[in-house]
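Please model the entire structure based on the sequences and the hints provided.
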Amino acid sequence: MVVTLLLLAASAPAQTAPPDTVPAPRPPSGLVAADVPNDAGRGIDLTWKGSPDDIAGATIVTQYHLARSTTPAGPWTLIDSVAAGTVAKRDQNVDRGAEYFYRVDASGPGGITLAGSITGPVRATSQVINQTRWSVMVGTILFFGFVLFFMASAQSGKKPFVRRIPGIDAIEEAIGRATEMGRSVLYVPGIQDINEMQTVAGLVILESVAKLTARYETPITVPVTYPIPFTIAEEMVKGGYLHAGRPDAYDSNSVRFVSPEQFAYVAAVTGIMMRDRPAAHIFMGSFYAESLLLAETGFATGAIQVAGTANVHQLPFFVVACDYTLIGEELYAASAYLSGEPKLVGGLKGADLMKILIITAIIAGCVLESLGQHGFKLWMTTQ
Amino acid sequence: MKREVPLFITAVIGLFMILSFFVPHQWVSVPADFLQGSAVILVAFGYVLGGANALRVNFDGISRRSPGWQYKVVLVVALLTTVTVGAIEGREFLNPGMRSKWIYDWIYSPMASTMFALLAFFIASAAFRAFRIRTVEAGLLAVAALIVMLGRVPLGDLLTDWLFQLKWLPGAPHTLHLSTFQEWIMDIPQNAAKRAIIIGAALGVMATGLRVILGIERSYLSGED
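Residue numbers (the working numbering), protein chains in the order written: chain A, 1 to 383; chain B, 1 to 225.
Be aware that one or more of the hints could be misleading.
Derived contacts from chain A toward chain B, CB cut-off under 10 Å, selection only [as the list claims (entries may be wrong)]:
id: 1; residue: Thr113
id: 2; residue: Ser117
id: 3; residue: Val136
id: 4; residue: Lys355
Because the hints were derived from the structure by calculation, they are not lab data.
Glycine included, C-beta positions come from ideal geometry on N, C-alpha and C.
Spelled out as structure tokens, the structure:
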């Protein structure tokens with residue numbers, strides 16, 4: 001009986017308070033529209049003060065609607081809606097030089113409240129110089145000046161001293177070993193396209209490597225990921241054989257287009273390692289997750305391995321799995337080192353001088369910040 | 001002329017692209033954007049050359065019955081099938097329900113994941129070699145790696161919760177867990193070394209770019225002088 005009563009009580013409709021009527025939100029205010037500085041006239045920054053009803057946890061305001069028009073009287077076009085609590089937005093869909101008027105409306109469960117006023121006219125304009133990049137410009141000019149100076153100096157007969165880099169010396173040793181064993185050399189110029197400078201560096205080194213393989217009459221295999229590096233790699237290998245005086249020994253199948261897909265490429269290259277058993281593996285360029293897959297498979301085949309990359313997160317894998325590793329800038333220095341051309345070697349000295357300048361700037365920045373002087377840091381901050 | 005014209009084009013466009021980094025005005029930014037967009041056309045032609053090379057290399061291997069020629073047959077069939085299906089289906093080839101999408105989702109994607117999964121085993125074998133303590137440096141590496149690995153999982157804090165209560169030390173953090181040490185290793189010595197490599201590499205990028213733009217590094221053009 002008690003149970004029945006309890007069930008009846010539970011199933012009876014509960015007395016509820018009359019539903020709350022949520023008021024329409026009060027409008028936001030203080031909309032400011034300004035041309036985005038230091039750009040090509042492609043954006044207008046909008047900032048506003050939120051509605052007084054826009055309070056964390058409350059639901060009177062749920063969204064702000066941003067509308068744009070070319071005349072104060074409209075018609076208005078909704079350009080974006082942002083969540084409550086947001087008070088800034090960049091309109092990046094503007095025509096350069098055109099005048100625009102903006103308004104921001106608030107909406108919530110109680111309805112939409114149109115803005116009390118409109119802002120404008122404002123127009124997006126392009127600037128001649130990005131004012132936040134003066135420091136980079138000065139650094140670039142100085143760096144280019146240093147490099148050109150040392151190149152000219154090296155060309156005039158002052159060949160600068162360059163320390164031995166064991167990893168680069170090991171390339172010739174690896175090719176020699178492949179020759180002794182009667183096996184081929186595998187050269188992997190990274191997995192990125194030509195817009196990655198490490199790929200360019202890898203391809204430049206390839207010519208020197210191809211020259212050595214041509215001289216030693218050792219076959220070389222170069223699997224490439226993207227089509228543009230593929231065509232350049234073909235030129236590099238051809239050039240290497242030509243400069244070694246053995247253009248007839250060039251095998252048109254030595255440079256192979258594989259796939260831009262990362263793991264399809266890994267499957268192809270590890271397949272070459274396991275089937276053809278090259279005696280030397282040279283990895284020079286930009287690598288990601290495939291670095292360890294390639295290097296560990298290569299290690300398992302017993303090949304001598306030399307790697308070089310500026311991708312810091314992949315360096316530990318190469319250090320562990322390869323016999324020699326070129327770290328960061330050594331990859332870029334390798335082509336100058338291998339070719340021995342005074343102009344290229346001179347360029348390395350320019351980079352060294354720039355490094356001294358950067359270290360000085362870092363120390364000066366630390367000292368000035370510690371003294372409460374923020375001008376230098378602001379000058380160095382770019383957008 | 002065969003070399004001078006490409007070198008001239010490289011120099012002019014290279015310097016113009018550097019200029020576009022500092023000058024956002026439309027007179028510079030619009031042509032710069034156009035040049036970057038035009039690269040897509042070059043890449044499209046490159047794919048034709050690349051595809052032709054892939055077919056030639058593999059047909060050669062099949063005709064000579066080189067080791068593993070059967071795999072080359074699979075590759076050629078897969079390549080031709082995928083390209084044909086994609087060409088028939090047109091621009092919507094990756095929409096749901098399309099055969100190209102099916103090939104990607106049910107053939108390529110699982111195979112790529114399988115290759116990626118091998119990484120777990122390779123990391124274990126590489127770590128085994130890396131952490132063999134033969135020298136002082138290798139010992140330091142092993143200790144640092146142990147702290148970082150343990151400090152990044154809850155077990156590390158659990159193990160050291162009772163150990164490092166340093167309330168008596170003024171100014172010290174409330175507790176010094178293993179995660180505090182791993183944070184210090186990652187934020188200070190690791191970050192400093194990483195940034196040094198990055199700064200050096202960035203200068204190397206600029207120097208290489210300058211050599212290419214000025215035509216000092218010209219081996220990419222062709223072997224003929």
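Each hint, compared with the structure:
1. Thr113: Violated. Min distance 38 Å.
2. Ser117: Violated, about 31 Å.
3. Val136: holds (7 Å)
4. Lys355: Given a least distance of 6 Å, the restraint on Lys355(A) holds.
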